[in-house]
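Peer 1: Sequence lines, in order, name chains U and C. Under the UniProt record's numbering, residue 340 is the last one in the first sequence; the count climbs by one each step, no gaps. Under the UniProt record's numbering, residue 340 is the last one in the second sequence; the count climbs by one each step, no gaps.
Don't take each hint at face value.
Each pair may be met inside one copy or between any two copies, as identical chains are not told apart.
Below, simulated DSSO-like cross-link-like pairs (lysine-lysine); rule was C-alpha separation at most 30 angstroms, straight line [what the hints assert, rightly or not]:
{"#": "1", "residue 1": "LYS219", "residue 2": "LYS272"}
{"#": "2", "residue 1": "LYS121", "residue 2": "LYS176"}
{"#": "3", "residue 1": "LYS249", "residue 2": "LYS325"}
{"#": "4", "residue 1": "LYS110", "residue 2": "LYS141"}
{"#": "5", "residue 1": "LYS121", "residue 2": "LYS325"}
{"#": "6", "residue 1": "LYS325", "residue 2": "LYS110"}
{"#": "7", "residue 1": "LYS272", "residue 2": "LYS68"}
{"#": "8", "residue 1": "LYS121", "residue 2": "LYS141"}
{"#": "9", "residue 1": "LYS121", "residue 2": "LYS294"}
{"#": "10", "residue 1": "LYS121", "residue 2": "LYS249"}
{"#": "11", "residue 1": "LYS294", "residue 2": "LYS312"}
{"#": "12", "residue 1": "LYS294", "residue 2": "LYS219"}
{"#": "13", "residue 1": "LYS121", "residue 2": "LYS159"}
{"#": "14", "residue 1": "LYS176", "residue 2": "LYS159"}
These are calculated hints, taken from the structure and not from any lab test.
There are 2 protein chains.
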Amino acid sequence: MVARLTPDQKEILILMDAAKGLEVPSETLEAEVKAFFDSAPPLQNSDGITQQLDQFIQRNSSPSANGKARRIVCVTSGGTTAPLEQRCVRYVDNFSSGHRGATSTEYFLKAGYAVIFLYRKGSFQPFCRSLPDDPLLECFKPIDESNIQVCEAYSEAVKRAVVDHHTAVTGGLLLKLHFNTIFEYLQMLQIIAVSMRCIGPRAMFYLAAAASDYYVPWKEMVEHKIQSGSHLLDVKLVNVPKMLSVLRKDWAPLAFCISFKLETDANILLKKADAALEKYKMDAVVANELSSRKEQVVVVTSAEKVLVMRDKSRSDNDVENPLIKLLSDKHGTYIERPSR
Amino acid sequence: MVARLTPDQKEILILMDAAKGLEVPSETLEAEVKAFFDSAPPLQNSDGITQQLDQFIQRNSSPSANGKARRIVCVTSGGTTAPLEQRCVRYVDNFSSGHRGATSTEYFLKAGYAVIFLYRKGSFQPFCRSLPDDPLLECFKPIDESNIQVCEAYSEAVKRAVVDHHTAVTGGLLLKLHFNTIFEYLQMLQIIAVSMRCIGPRAMFYLAAAASDYYVPWKEMVEHKIQSGSHLLDVKLVNVPKMLSVLRKDWAPLAFCISFKLETDANILLKKADAALEKYKMDAVVANELSSRKEQVVVVTSAEKVLVMRDKSRSDNDVENPLIKLLSDKHGTYIERPSR
Numbered sequence: 001m002v003a004r005l006t007p008d009q010k011e012i013l014i015l016m017d018a019a020k021g022l023e024v025p026s027e028t029l030e031a032e033v034k035a036f037f038d039s040a041p042p043l044q045n046s047d048g049i050t051q052q053l054d055q056f057i058q059r060n061s062s063p064s065a066n067g068k069a070r071r072i073v074c075v076t077s078g079g080t081t082a083p084l085e086q087r088c089v090r091y092v093d094n095f096s097s098g099h100r101g102a103t104s105t106e107y108f109l110k111a112g113y114a115v116i117f118l119y120r121k122g123s124f125q126p127f128c129r130s131l132p133d134d135p136l137l138e139c140f141k142p143i144d145e146s147n148i149q150v151c152e153a154y155s156e157a158v159k160r161a162v163v164d165h166h167t168a169v170t171g172g173l174l175l176k177l178h179f180n181t182i183f184e185y186l187q188m189l190q191i192i193a194v195s196m197r198c199i200g201p202r203a204m205f206y207l208a209a210a211a212s213d214y215y216v217p218w219k220e221m222v223e224h225k226i227q228s229g230s231h232l233l234d235v236k237l238v239n240v241p242k243m244l245s246v247l248r249k250d251w252a253p254l255a256f257c258i259s260f261k262l263e264t265d266a267n268i269l270l271k272k273a274d275a276a277l278e279k280y281k282m283d284a285v286v287a288n289e290l291s292s293r294k295e296q297v298v299v300v301t302s303a304e305k306v307l308v309m310r311d312k313s314r315s316d317n318d319v320e321n322p323l324i325k326l327l328s329d330k331h332g333t334y335i336e337r338p339s340r
Numbered sequence: 001m002v003a004r005l006t007p008d009q010k011e012i013l014i015l016m017d018a019a020k021g022l023e024v025p026s027e028t029l030e031a032e033v034k035a036f037f038d039s040a041p042p043l044q045n046s047d048g049i050t051q052q053l054d055q056f057i058q059r060n061s062s063p064s065a066n067g068k069a070r071r072i073v074c075v076t077s078g079g080t081t082a083p084l085e086q087r088c089v090r091y092v093d094n095f096s097s098g099h100r101g102a103t104s105t106e107y108f109l110k111a112g113y114a115v116i117f118l119y120r121k122g123s124f125q126p127f128c129r130s131l132p133d134d135p136l137l138e139c140f141k142p143i144d145e146s147n148i149q150v151c152e153a154y155s156e157a158v159k160r161a162v163v164d165h166h167t168a169v170t171g172g173l174l175l176k177l178h179f180n181t182i183f184e185y186l187q188m189l190q191i192i193a194v195s196m197r198c199i200g201p202r203a204m205f206y207l208a209a210a211a212s213d214y215y216v217p218w219k220e221m222v223e224h225k226i227q228s229g230s231h232l233l234d235v236k237l238v239n240v241p242k243m244l245s246v247l248r249k250d251w252a253p254l255a256f257c258i259s260f261k262l263e264t265d266a267n268i269l270l271k272k273a274d275a276a277l278e279k280y281k282m283d284a285v286v287a288n289e290l291s292s293r294k295e296q297v298v299v300v301t302s303a304e305k306v307l308v309m310r311d312k313s314r315s316d317n318d319v320e321n322p323l324i325k326l327l328s329d330k331h332g333t334y335i336e337r338p339s340r
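The shape of chain U in the complex, shown without the other chains (with noise of 0.2 angstroms):
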């Protein structure tokens, strides 16, 4: 295949394909996989990663009060890149803030979980939604020379941050992890489910982070800066594999898994949401339409589709206040399933 543009004609042409719809034979899925993880650059410190969470889990696998051991989530959160030069100075980005990961993790806390929190750099963090972008500048002031002190108006806000997240991190109950591009993201994310396999339906995979849908194969990327000027240029990106068939099939078989499906067209929304879980075999699937997500998703099931809506007569009135109850619930359907 090749396409061509005319040298004086000053234009980039993405051109999308994708031929979907059609099922991946799994064949072709595993070659896919493999040349993702072939071609991505090695992770930076995995074996201090897996050593991390080998603690966190144990730590948080003993049977507490009720005799039962702690559920575990892992909260993926913000969106993935895809560098186009090695040398990074341009990539395609997904947009996702993070807020729906962060949210959540406060929410998942206050119900019991353990939270593996795997986050964008850069994106929300637990605890400091109501924070504004510049925490440290907006938040405090100067009282003389060398003295410094909470604006009032954020003085609650910012001791709630610092004390709840401290409180959640050294008590063992919070593992913070960062990426940022697709390679991080996949490399991370199969790290953390395989060392989750031994708590096996105790564990949940709550998958909120925007990952991309397209990369460039390190080894075909080029190293230096596209150059702007000068010559014709093209870069190819291909589809990155659908990973949530490799997470339930392969790396967490067990674990109760919860993808989303975020759409800014509300009329393809719950169609695609219903099809991502027959495709990945979910448990559910959150469909959220850009414009309303902050005010309702809907839990889409195999049995059933439950719209999620935020109470705005209480004070913690986020829609993940009442969905991750509902996931929670059902989470404890599924490990207390008899088949099992």
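Take the given structure of chain U and dock chain C to it, following the hints.
Peer 2: Using the frame of chain U, we list chain C on its own:
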């Protein structure tokens, strides 16, 4: 021009062509600039921004102790995004932490300048470079259930950040304005340049931001999220017009203008810096190579090339320290030039 992929190919192909190096005739550039601004979504709160700028410029234009009015520099910082969809889920981003712009701002303030800091949301802020990514969560700890304090190790850095930042902003010497997209960046740069026109050669532009080279005209952009499945899709990105020419010629003809050239390949860097100096009629181009950019840069002017290196023996040992001194000197000479 039509380029097609066969239906079973799962690829995006990005073709970049530019055919530049060829001079764009000025009537073409004018048309391109008009097309860019016509295609841009309207800037939010442009009246408010103009008002802030006018107040800031006026406040810094009365003669100070030495009988001269303060110089004003506009420092741009961070990368811009080019949205691929109107309700933006995906975009092409340019890498830039904003470290250069934030650091330079501190040294410009030290050198007596008033600074308009036009920065990408989430990029580095002046006086905060030595702090961790999440200063609130990483620099503070609880003393008890409802009181917090700064950790010993960060005590001085946190204090300096809050005090120095607050002093510059409330003292009327630092005005911060933020952008995300290439549309916002260039619209704001135009407003700033036009507002600063009244101070003539006392104005400096220090264009450290990494502006996108390509954009999708807003009106040609798809409204909804690009579907990764289903159909063949093409997105056209066109060249962002070379606004440096317009800044120099129309927006700020009397200002002292400095642009940046960043490359990952040292072999082509100086040649490209020379070309930019000539083509855009800059007063200086700061040439930097990605891997060594915190150690050294080359200031390229029509008269000379000066290698500027950081002085490791000092406490304020950033390369921006000697860089801003050099540029401030050159700006002084420029202001005093008899022909003006």
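Peer 1: Run every hint past the structure and note whether it holds.
Peer 2: So, going through the hints one by one against the coordinates:
no.	hint	result
1	LYS219 - LYS272	between (33 angstroms within a copy, 27 angstroms between copies)
2	LYS121 - LYS176	both (11 angstroms within a copy, 23 angstroms between copies)
3	LYS249 - LYS325	within (26 angstroms within a copy, 61 angstroms between copies)
4	LYS110 - LYS141	between (32 angstroms within a copy, 21 angstroms between copies)
5	LYS121 - LYS325	within (27 angstroms within a copy, 34 angstroms between copies)
6	LYS325 - LYS110	within (10 angstroms within a copy, 54 angstroms between copies)
7	LYS272 - LYS68	neither (37 angstroms within a copy, 66 angstroms between copies)
8	LYS121 - LYS141	both (26 angstroms within a copy, 21 angstroms between copies)
9	LYS121 - LYS294	both (22 angstroms within a copy, 22 angstroms between copies)
10	LYS121 - LYS249	within (28 angstroms within a copy, 40 angstroms between copies)
11	LYS294 - LYS312	within (12 angstroms within a copy, 50 angstroms between copies)
12	LYS294 - LYS219	between (40 angstroms within a copy, 28 angstroms between copies)
13	LYS121 - LYS159	both (23 angstroms within a copy, 25 angstroms between copies)
14	LYS176 - LYS159	both (20 angstroms within a copy, 27 angstroms between copies)
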